[in-house]
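Chemist: The whole structure should be built from the sequences, with the hints applied where relevant.
Number of protein chains: 2
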Amino acid sequence: MNGAASLVHTLLKSGVDTCFANPGTSEMHFVAALDQIPGMRCVLGLQENVVTGMADGYYRIAGKPACTLLHCGPGLANGLGNLHNARRARSAIVNVVGDQATYHRPFDAQLTADTEGFARPVSVWTRTSTEAAHVGPDAAVAVQAAREAPGIATLILPSDSSWNEGGVVAEPLPVAARGAPDPAAVKGAARVLREGRNVLVLLGGVALTDAAQLLAWRVAQATGAALLAEMSNAKIARGRGRVALERVPYVADVAIAALARFEHIILVNAKAPVGFFAYPGKPSRHYPENAAIHVLTRFEQDAEAGLRALVEELGAPEAAVPDPGPRPEVARGAPTPEGLARTVAALVPEGGIVADESVSFGRGFYKETHAAPPHDWIHLTGGAIGDGIPLATGAAIAGKGRRVINLQADGSAMYSLQGLWTQAREKLPVTTVLLSNRKYQILIGEYHGVGANPGRTAMDMLDLGNPDLNWVSIANGMGVEAARATTLEQCGDLMAQSLSRDGPFLIELVI
Amino acid sequence: MNGAASLVHTLLKSGVDTCFANPGTSEMHFVAALDQIPGMRCVLGLQENVVTGMADGYYRIAGKPACTLLHCGPGLANGLGNLHNARRARSAIVNVVGDQATYHRPFDAQLTADTEGFARPVSVWTRTSTEAAHVGPDAAVAVQAAREAPGIATLILPSDSSWNEGGVVAEPLPVAARGAPDPAAVKGAARVLREGRNVLVLLGGVALTDAAQLLAWRVAQATGAALLAEMSNAKIARGRGRVALERVPYVADVAIAALARFEHIILVNAKAPVGFFAYPGKPSRHYPENAAIHVLTRFEQDAEAGLRALVEELGAPEAAVPDPGPRPEVARGAPTPEGLARTVAALVPEGGIVADESVSFGRGFYKETHAAPPHDWIHLTGGAIGDGIPLATGAAIAGKGRRVINLQADGSAMYSLQGLWTQAREKLPVTTVLLSNRKYQILIGEYHGVGANPGRTAMDMLDLGNPDLNWVSIANGMGVEAARATTLEQCGDLMAQSLSRDGPFLIELVI
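Chains as they are written, first to last, in our numbering: chain S, 1 to 511; chain P, 512 to 1022.
There could be a bad hint or two in this list.
Unchecked claim - Below, computed lysine-lysine pairings styled on DSSO-like, alpha-carbon distance capped at 30 Å:
1. K282(S) / K439(S)
2. K950(P) / K427(S)
3. K439(S) / K938(P)
4. K439(S) / K911(P)
Since the hints were made in silico from the structure, they are not lab data.
Modeler: The following block contains the structure:
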């Protein structure tokens, strides 16, 4: 057996059965092994940032890693933006990168690059398998490393390690469960909650599952503490029966005002809120300078166990989540953020997934969508725009029929629009609502913050009009049916029709 | 003056007057400075790999660096693929990357990443300006470093260095001329040429200007040596009046056969030919094991001076380049590589630029295009596909009206298709011939090399059909007029029409 075959067998044994791929010449033996060994679903992306973003979306919904198949250092480089987002989402990915044969590398052929150097900033684990016999065992360690962190484990596969005989299939390695909560941290948090006033419990990461939310709700009800979610969440359970959580606001002044009253912040797999960016004369920290920060559970710990221990420590009684009121109806008239949110709430099916890269338009979407049926919501986590279409695509692969609604800003969509083609090829149930404002609206807002109105040169760098992008043509060109809407009722009609289809549909909503 | 203003003034003083941009929030003060200080042409790309590829194409035609404007580590990461190609082309680029404010960086906000770590593998020089007063002087060094190598100089600009007062405009720094040839190397090469049999003079980089070619021709005529160009050339002067150079072949067996007879290889700013990739049982070196390698001039030396010294050392007389025969006519019938090459030769205007990312289809284009009017030809240099559209765009910006014909493989086009929008916005004279074979043809060829026919899973990763990309729709969606051709005469008609237009046009040639 060659190294490539040992890789495929080892990945399958370790439970990795989906491969997001954009292969090149140096990966042909891996492609051949995937072809010859049944069991791996292979999904092609036409640019690497689509591939890595799909792997991120897949993990967020499947809860287990997929592998990637990328081509040499530059192929990896093309996918780093969404690996950055996956790193911030703490998504597990087994990131397989082909490379020059070990003996060919010193000749510095055109595609030779610092593959490990590109990988390290985004990876929790990076290794080059220099012999066929190492590939299987290294792959088993890669799966273990990716799942345990969770994070990105990059396995670099020189082509001779792939084609040489001597491959060995490795058994799956044990993956340690998330760390148990620290009893002292639980007692400390309970003390703060009992004694403190103005306490915020901030939930992030795996503290945003429905089970963890309900425990946090009991804590809040028993103690009067406030609850918030972080601003950028990998996945948050939302809708009826879940807690009507709001997020820490994005805009610095708004966030600072929202957090001003808190004297204590208890972090549950979350980070103390800081600015996405710095601004002259504004603090980096968005919480009050003299607020005390308490950590209930760290990122790698079990948030649900921590919250359950806290509930027990406090003796917090069962507490029902309040009814969020009637389900909204499809809105009418000119598109507004609130109206679009109500329309999504009216139509998202139970068990649906919302992939949100709406950027500036979508900051208030939560408020109007609490009364929707239960669904999952996934965000851009690392700020590297161009994640929405790939995330939606990977989530749809993992969702096995769950409908995905991708709320997608136009400027961001352009970074990874190739993902639409994969949606068409795989006939995925993705409805893209393309928010077409024809500008980098967030940047125009930021420009005003500099204290000036943008002139012609600045607008040349902030305006996506001239010419306007025609998203119906672009989507059609990649095999995705599409239509334009200028009112919310048109958008609602198209969205409702799209939900009964098997494959993808794109609505260009002119906002 | 703030740091951002000092940067713009310093760049302009150093002769950098074109900025390829994809800014973000942390670059708003730089955008404002570009807006307020006249003199910098700013060109927006809707994804960073378009931006960096444009900067590469610009340098190849303008012969001087542009600057970029990229957003934080992930924005830089998105542009690394074409920075890799630019590194292999030895293009000078002043690569300006915004970043978190120095004091905000420790808070590890979402977009914080290892910006320097991403930059170093592609850069000859990397520096973070940590104070406003350093920005101007650092920018002057960046221009010097980029021009002198030539290569990529990455200047990282934390947002507080940009917005703080205390900026200082720096004077341009001297740039050393290319190194003079080594007299011993010239004498050594002359001795080999006089005594040796089966000598190849291999030209690369700046040995491919028309002046250098004519000197190399005199050497070859006087000594009987063979001449070849490297396989991947940053820019090569071609057409009538230039030497009818062929390239070292791409395919290993073909290259090995073509080079088998040579006992001596004299490198003029070139590398001894090695395989693009390794293959089982085939050598990495494509020249004979016992061939002697001689270096006339290294990459950083003056090739033309080296060849002139060699001409003088040999006393090689003036020698006219043979007439390449009549200019071909537009071909007819089903598209073939030879027919398309003849069609290009029939229509490319004098002084035109051919941007060639034709990959497998275009390996024989040179043979049929020698009798075209004088033109420049630029190649994918680093093998990181997705360079053609951005290169063509940047070349058109630098060309100030020179027509660019982009011979563009479809699979590769998908990596950076966003560049079409920039062509439309800037109304650039680019004719794209989109070679639509709806597969990764090069990879299917490589797969057969593995010794098997691709099965369904393999074809799922090698085939771009299902659904077919509709390039007319895609181009229209980005504001570029387009039409489909299925015969060479249709292609020729459309190409001829496109040449009289002001703006871009895309021909989807179904091959």
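Chemist: A separate judgement is required for each hint: does it hold in the structure or not?
Modeler: Do the hints match the structure? See the list:
1. K282(S) / K439(S): Roughly 26 Å separates the two Cα atoms, so the pair holds.
2. K950(P) / K427(S): holds, 19 Å
3. K439(S) / K938(P): holds, 19 Å
4. K439(S) / K911(P): Roughly 27 Å separates the two Cα atoms, so the pair holds.
Comparing the model with each earlier hint shows no violations; every hint is respected.
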